[in-house]
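4 protein chains.
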Amino acid sequence: MRKLRMGMVGGGIGSFIGDVHRKAASIDGMIELVCGAFSSTPEKSKRSGEALFLPQERCYGSFEEMIDEEKKRPDGDRMDFVSIVTPNHMHFKPAKMALENGFPVVCDKPMTLTVEEAEELKIIVEKTGLIFALTHNYPGAPMVKQARAMIQHGDLGNIRKVVVQYHQGWLATAVEKTGQKQASWRVDPSKSGIGGALGDIGTHAENLVEFITDLQIEEIAVDLGRFGEGRVLDDDGNMIMRFENGAKGTMSFSQIATGEENNLVIRVYGEKGSLEWHQENPNELITRWLDQPKKIFTPNGNDLYPEALAASRIPSGHPEGYLEAFANVYRNFATHLFAELKGKKIERPDYPTVEDGLRGVKFIHAAVESDKNNSAWTKI
Amino acid sequence: MRKLRMGMVGGGIGSFIGDVHRKAASIDGMIELVCGAFSSTPEKSKRSGEALFLPQERCYGSFEEMIDEEKKRPDGDRMDFVSIVTPNHMHFKPAKMALENGFPVVCDKPMTLTVEEAEELKIIVEKTGLIFALTHNYPGAPMVKQARAMIQHGDLGNIRKVVVQYHQGWLATAVEKTGQKQASWRVDPSKSGIGGALGDIGTHAENLVEFITDLQIEEIAVDLGRFGEGRVLDDDGNMIMRFENGAKGTMSFSQIATGEENNLVIRVYGEKGSLEWHQENPNELITRWLDQPKKIFTPNGNDLYPEALAASRIPSGHPEGYLEAFANVYRNFATHLFAELKGKKIERPDYPTVEDGLRGVKFIHAAVESDKNNSAWTKI
Amino acid sequence: MRKLRMGMVGGGIGSFIGDVHRKAASIDGMIELVCGAFSSTPEKSKRSGEALFLPQERCYGSFEEMIDEEKKRPDGDRMDFVSIVTPNHMHFKPAKMALENGFPVVCDKPMTLTVEEAEELKIIVEKTGLIFALTHNYPGAPMVKQARAMIQHGDLGNIRKVVVQYHQGWLATAVEKTGQKQASWRVDPSKSGIGGALGDIGTHAENLVEFITDLQIEEIAVDLGRFGEGRVLDDDGNMIMRFENGAKGTMSFSQIATGEENNLVIRVYGEKGSLEWHQENPNELITRWLDQPKKIFTPNGNDLYPEALAASRIPSGHPEGYLEAFANVYRNFATHLFAELKGKKIERPDYPTVEDGLRGVKFIHAAVESDKNNSAWTKI
Amino acid sequence: MRKLRMGMVGGGIGSFIGDVHRKAASIDGMIELVCGAFSSTPEKSKRSGEALFLPQERCYGSFEEMIDEEKKRPDGDRMDFVSIVTPNHMHFKPAKMALENGFPVVCDKPMTLTVEEAEELKIIVEKTGLIFALTHNYPGAPMVKQARAMIQHGDLGNIRKVVVQYHQGWLATAVEKTGQKQASWRVDPSKSGIGGALGDIGTHAENLVEFITDLQIEEIAVDLGRFGEGRVLDDDGNMIMRFENGAKGTMSFSQIATGEENNLVIRVYGEKGSLEWHQENPNELITRWLDQPKKIFTPNGNDLYPEALAASRIPSGHPEGYLEAFANVYRNFATHLFAELKGKKIERPDYPTVEDGLRGVKFIHAAVESDKNNSAWTKI
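Protein chains in written order, with UniProt numbering: chain A, 1 to 380; chain B, 1 to 380; chain C, 1 to 380; chain D, 1 to 380.
This is chain A alone, in the form it adopts within the complex (with noise of 0.2 angstroms):
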């Protein structure tokens, strides 16, 4: 047996989430970067091909360039997937092409502009049969992964309440007039779509959210904030949501809330029992419960699920982070292509599929929708 072969579009130097992707495909030694189609020009992708230790020959100036030359390359040599890392308007369409190539995809979020171009995926996701991961990486998180789990083995019974936030503070000032370039393309309809904050963390709450309870959100009361001057998109969400089975809830997402870094909090209350998850510090879940003290479990920690052990890699008390849970989705997305390699089938996949990326561009039309409505009730 050999590593995989990944391939990468998008995440030329100065990348953030290029350089995550990379780092979490790395981990765990089942995947080695072979090509990528890292920047616009041939040249830049080059250079940071170069700095990649990759040859220059498999330093492509297009993803289309890319995906040509990889597949006349001989069984064995060429690359087995495509990673894509772009900017959200230039997901769809090297995922498609890839697709269409016969090359499996793990694709950054959210996964397409319109709900067209995400209901065209889904189809050919479907109708090639390829593996297809999206890189929302909080579901793998283990105590994540233990939260799901206790709700689905009823520890908390029916759930009753969700209160989600996802607080950011970095466009708290016009940092994209400075130049800043994780900034400028954020605020840019043309790059990111209709949401701004919504499609950049709002989904990510949307997703943990229909994660861990296992539910699907009904529908949505939204007001969108734009703080910023001048900004088109918005920066800042506040949300009533209603579940498909009677729960309510309040959703927050903000990237002006001066001062915080990532904090995403998600707290469900359930019947019997309640949880409480913060990404900033996610190696604790908090669970309280009608007639017990509150316990706190831990990653590799006592009585978890098979779920939460299985997400975790070092002893308990050797803190994971953002990188391991990111990881997560590619160590699942590359077991389950080795498992094709070999021809075996796994029934469930555990990392977002193409459907949790259509839910997801769902999420963020309903929202923009009920903001235009005054905060109408508006169905996902």
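Take the hints with a grain of salt, since some may be wrong.
Where chains are identical, the list cannot tell them apart; a pair therefore holds if satisfied intra-copy or between any two copies.
Taking lysine-lysine pairs in the PhoX-like style, the calculated list, with each CA pair at most 20 angstroms apart, reads [stated by the list, open to error]:
(1) K295 - K122
(2) K93 - K71
(3) K272 - K177
(4) K295 - K272
(5) K191 - K362
(6) K181 - K191
(7) K93 - K362
(8) K181 - K71
(9) K96 - K379
(10) K127 - K344
(11) K72 - K362
Read the hints as simulated data drawn from the structure, not as lab findings.
Given the structure of chain A, go ahead and fit chains B, C and D onto it with the hints provided.
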């Protein structure tokens, strides 16, 4: 000089909040309990008074009797003010009668059942010129004073976002059916009014938000939950908020948040900085900044505003809690009353007043109306 | 019945601990202050008494005068007990005189300057049969009661290790040279005795360890620090401990731990479980287990022992603090005294006694001796 | 350029620390594993290598074979350095042989069993001029870098006191008798050396203290515990410390601290400020000050020193953990090795060196000696 003399309405044996009022009133050695109409029958009232070391003749069978009889006592012997600690439906009448007979009032919240009563009370307070304090206790906490002072001094800049939650779990099951006294009246509209958790804790959240931000909530869109079997009043609420200055936010309150004790948390985000306060660990005020590390203020700690210093009793690191915050309402009320007795005027009372009471009752009614109109935005 | 009448020695205006004693004594409505020898001169004493609403004739110029005069008052009018809140060197004499004149005593710690005085006091207490309470307040905290109860019930198994720290920073600079009253007497051996930080806070740590574990520290090896310029008494201490049952541990205390407020933390490890308590956030007791997740107990929360429940006043989630813990000493003392007045006997007093006082003074002397002998192991 | 090629000694399937080394080495994309002597037999070694996607011919049966064979390979194909991840008794020989054959070394701690070996290794390193990194990983954590930088810049002033604890509970029961592989060798003096918990985690504490404070511990007085039935090596330690500059402190370490996971905490107090760091929540550095509120630094957060910024990979609020800190040792080692390959010199390596290794071994021996002499002060 002598201590101020307090007469109490409600608060018989087994009452939670009556006992809290007595402890809060006594900590600072400025007030002594001299009489009470503690219960609905003279016998029960006398039994309660006995346990409080009161003479039998000053344990009255009704608030009317108490006010009538105390009024007849000579100057310097009769009670100086009335403290009302009954369930919600029994606030208005004794407050009105006390004021109309010349007695200042300390009254529990929510102030009245209806907006009309609240407005009438406000007129009576203005007409009589008597002191009226509403016992929202959380504004008494030193770190809440610091929060308000920081915002008033502009430290956070213009406020953009507020997120508040008040989660309790004690009504997660139908404890009212087990004869639990605290629960029974709270789920009964004839005693609680039209708000359940809304009146009991939602009003605390509303008051805290407006106290800290020094801003009014302009309109709200509300989705109330009634999860407990057979409940007619809300036991859960989810809300988005718009403020007079354009700020936005979310509010969540619940008494079915299984396992939660008294988890009131507020986060306020301004252009320059933000703050976070947790009632369950009240001796920290967490602040975050554009370009400085997170700073945590503590009672009697470094760099506080005078308002916060004035609200602390003991050296930093020696935790004060719920009772001490509550006691600050009484202490500041007593200070005001002493000043008046000496013929001095206090410009701006440092405790919630009849205005806050009216605001709270309007909030309850706006929330119920929004909920009935499928969460339509409703002005307070 | 009537409230118990307290006479106070020390605690004039500006005193920290006198004010604490008065608040603690008043919270539960069982005790009223009726007289005092608050300061070293009659004038100052009267001024202090006036601020406390006391009649001039019961503000005495010395504890001798107070005891003599109060004794002459008729039954039911004279003070019922004496509370001693002076600096260390002024504990022994008033305690002795009060007891010898038939007055029960509440006395601040450390009990006396010398072991001889402590032993004499113990004999007097036994001879007179009068109640004597020492105000170590931390054993009054609900979660400390729970900790002790858990160990007494064997929940943690045999105790193997104890780690305690008591860190303050207020003497990090030479504040005694700025006229700071609290600092001046504490660094002065004629008022503090042979221990500085050792007597002031080291004894709290020692008392807490022995209270929670129900074990005696057998011997200690101690290295004291004197970091403040010109200090003759210790302001810092580092210690290893051996217990009667073979357990081992470390103790660190300091008043030069810059920036620390009142950071008393204890960790106790048994064969089956362990616990951790932080004074600055006293409403959590963290417990860890061989095969269960971490559990956090809270006052009036789930699964507590009766001893912990008895020490809480208000519902769970409503934080109690330093004053309430302190008040538990007074409440339990008062309950004991009421019982005696009614002719009942209480088997095991729920507050620190003269025995604890003697232990503390022996601890101070053993620590100083070990330090002099280059940290040689020294029996307490 | 190409990645650096790593050969590994130890770390076969089931090894905890071998896997950690591989993940840590791979995160930053600078190092690839090319060969290994993973186990004591060629068969096991090949099985381990296969799971790591290595060719059979580079899975060696012994470190001697690996070094001999790799040396024969052509330039640019042979391994560039050796990583040693075996139990303690197997560090010295492979390290010595690797260096003597021209291979730089990364070696786990404690470096050797005896002081003599450690001194010999130091001489070999100096003689060969080859790079030698010791994998104390905690100095790699961004907030530990910040702590050291703050002290080096004088932010805390002169250091007066250090309190460190390293508490684990996994040896609270005699797991070594259940066949637990990690436990068996650690309690066996022939594999661990004369220190048990002392060598395994005490040395981490010692290293962390000296790294952060930039001070040497001068002498220690130590009381070791052997609580596990039948254990000859310590599983617990209690210690007081004196530093070269007059600072004092305590150290506690334990592997029988029931329920603790990996609770390493350090507190350092200077004249002007102090700091506190918890390994289990490594992304906060708590600092306290004479006249400012508590400030909490975070990786890539506001106001950091360059040393801390250089140790963080991803934006603030995205937690990094144990593996990333460990990876910093490898990254900095690799950066150094790349520099040397390019003919550049690095003045001060940013990872623990053979000097730190020698210090650690001396610390173990001083502690055991002090313990034997009834805790007499012993120079390191």
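Okay, the hints, checked on the actual structure:
no.	hint	result
1	K295 - K122	neither (40 angstroms within a copy, 44 angstroms between copies)
2	K93 - K71	within (17 angstroms within a copy, 49 angstroms between copies)
3	K272 - K177	between (50 angstroms within a copy, 18 angstroms between copies)
4	K295 - K272	both (14 angstroms within a copy, 17 angstroms between copies)
5	K191 - K362	within (18 angstroms within a copy, 45 angstroms between copies)
6	K181 - K191	within (12 angstroms within a copy, 53 angstroms between copies)
7	K93 - K362	within (19 angstroms within a copy, 54 angstroms between copies)
8	K181 - K71	neither (32 angstroms within a copy, 47 angstroms between copies)
9	K96 - K379	neither (28 angstroms within a copy, 48 angstroms between copies)
10	K127 - K344	within (19 angstroms within a copy, 55 angstroms between copies)
11	K72 - K362	neither (37 angstroms within a copy, 61 angstroms between copies)
When each numbered hint is compared with the structure, violations occur for hints 1, 8, 9, 11.
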